[in-house]
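Q: Once you know that position 86 of the sequence shown is 86 in UniProt numbering, the rest is easy, because the numbers rise by one and skip nothing.
Don't take every hint at face value.
Computed cross-link-like contacts, BS3-like style, restricted to lysine-lysine with a CA-CA straight-line distance of at most 27 Å [what the hints assert, rightly or not]:
hint : residue 1 : residue 2
1    : K177      : K196
2    : K355      : K371
3    : K157      : K177
4    : K199      : K157
Just so you know, the hints here were simulated from the structure itself, not pulled from any lab data.
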Amino acid sequence: MSLELHNTENPISNQERNKINENWQRIISGYSYLQQQIKVLAGGAEVDELILRLNEAVDNANIAVQQAIDANNTATQEAIEANNTALQTALNTVSQTLIEVNGAITDANTATTEANIAKQGALDATAQAQAVISTMQSFINNMGHRTAWSETTQYFKNNMVLYNGSSFIALQDNVGKTPPTLPTQSNVNWSLFAEKGAKGDKGDKGERGTDGTGVTIIGSLASEAELPQTGGLGDAYLIDGFLYVWNGAGWENVGKIQGPQGNPGPQGEQGPPGNDADVTELAQTVTTLQQEVTDNKSEVTEHLAENNLKAHDIHNINGLQSELNVKANKRQEDWISLPLINDFENVVGVLSTYKDEFDTTHIYGVIKNPKATGNKIAWSMPVGYRPASNYYNLCIFTNKNQIGTFSIATNGDVTIGDRPSTDTNIVIDISYRLTT
Numbered sequence: 001m002s003l004e005l006h007n008t009e010n011p012i013s014n015q016e017r018n019k020i021n022e023n024w025q026r027i028i029s030g031y032s033y034l035q036q037q038i039k040v041l042a043g044g045a046e047v048d049e050l051i052l053r054l055n056e057a058v059d060n061a062n063i064a065v066q067q068a069i070d071a072n073n074t075a076t077q078e079a080i081e082a083n084n085t086a087l088q089t090a091l092n093t094v095s096q097t098l099i100e101v102n103g104a105i106t107d108a109n110t111a112t113t114e115a116n117i118a119k120q121g122a123l124d125a126t127a128q129a130q131a132v133i134s135t136m137q138s139f140i141n142n143m144g145h146r147t148a149w150s151e152t153t154q155y156f157k158n159n160m161v162l163y164n165g166s167s168f169i170a171l172q173d174n175v176g177k178t179p180p181t182l183p184t185q186s187n188v189n190w191s192l193f194a195e196k197g198a199k200g201d202k203g204d205k206g207e208r209g210t211d212g213t214g215v216t217i218i219g220s221l222a223s224e225a226e227l228p229q230t231g232g233l234g235d236a237y238l239i240d241g242f243l244y245v246w247n248g249a250g251w252e253n254v255g256k257i258q259g260p261q262g263n264p265g266p267q268g269e270q271g272p273p274g275n276d277a278d279v280t281e282l283a284q285t286v287t288t289l290q291q292e293v294t295d296n297k298s299e300v301t302e303h304l305a306e307n308n309l310k311a312h313d314i315h316n317i318n319g320l321q322s323e324l325n326v327k328a329n330k331r332q333e334d335w336i337s338l339p340l341i342n343d344f345e346n347v348v349g350v351l352s353t354y355k356d357e358f359d360t361t362h363i364y365g366v367i368k369n370p371k372a373t374g375n376k377i378a379w380s381m382p383v384g385y386r387p388a389s390n391y392y393n394l395c396i397f398t399n400k401n402q403i404g405t406f407s408i409a410t411n412g413d414v415t416i417g418d419r420p421s422t423d424t425n426i427v428i429d430i431s432y433r434l435t436t
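Go ahead and model the full structure; you've got the sequences and the hints to work with.
A: Here is the structure:
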């Protein structure tokens, strides 16, 4: 702060005295202003030592000024000059004091600015420390293990998981992001934390445990109400398929002994044709029976020879009638289905066969093969329906107006050849004798 004062000149006139009075009022106003600034900077408290010095200087100057003013009113010119000298000294004292006060204010302003800077630095440091604390707290909160990695779990930064036996730490929030597979140790979302160690040595064999209590099924009951009040350890009863075991405190239902019946399995593929049966023993038995029949027939013939002719004729007539009845009651044998193989399929009905009383086998059906052409085995004749030697015939391709080859091997395999395309319908209407 600076004060602008009037210059006084000799001789002291009324005008000069007015200048002195105005200068003094300016000094007093400046002092009051400085005092208010000091109080503001000091937070409203008095700065005792500085105020005391200032008050003393002002009081002394005030006395000197008043004395000078009073003297100027009555004194001679010499006294006025002496008073001017005293007044100038007082003014110099006040000015020096004001300079000190101004310096003190400047120092106070500097201190306040430095304090504000220090305060702001402290606030900034506090904010930075708080940020570090928050970061550390987040790190601590997310550091825990999330057990094994799951594709559907939300993971946050610093979460740790187990993956293929090794521990990985999350580098950022993620879900459905797979950790890397060793030897790759990191990717965008995960980094290796601890690698799976080598398998350790087998531990020592533990001590033998105490013998357990077996289960003894005593019987079956209709309901839980029939269970006895107490039982021995391991005693058990069956109730509606459930097993109730005495555990020392009560009867415990440990579940069904046998699960429910499962659904039937799918039908298996057709097996290959079986080998011809060994009929050696059967043939021997038939031969023996034939011999017995022959012997019995001889005895019957001898016995009938002893009867009269009339009885013999009646017997023949009765025998003829019996044969006629048997002939009248004969019927055609039932057809049996022939399973197709090698992608052949039925077109009309089911390919079937039967064998009549004259040992003639009959086959009828309409089939096709939509997947392949050329010579293919279509089915196999069952045992008892196979020819004694390879049999050859023709078949008709209805929608192509062509003739194809047809053969039956002694092992029963039936081969159809010369098929022009996969959409050819094949009509089978064939009969053959089993013996030649």
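Q: Quick one, are K157 and K177 close enough, alpha carbons at most 27 Å?
A: holds, 13 Å
Q: Does the structure keep K177 and K196 at a Cα separation of 27 Å or less?
A: holds, 20 Å
Q: Tell me if the straight-line CA distance from K355 to K371 falls inside 27 Å.
A: Given pair K355, K371 is violated - Cα atoms ~31 Å apart, limit 27 Å.
Q: Decide if the proposed pair is consistent with the structure: K199 and K157, CA atoms, cutoff 27 Å inclusive.
A: violated, 30 Å
Checked against the numbered hints given earlier, this structure breaks hints 2, 4; the rest are met.
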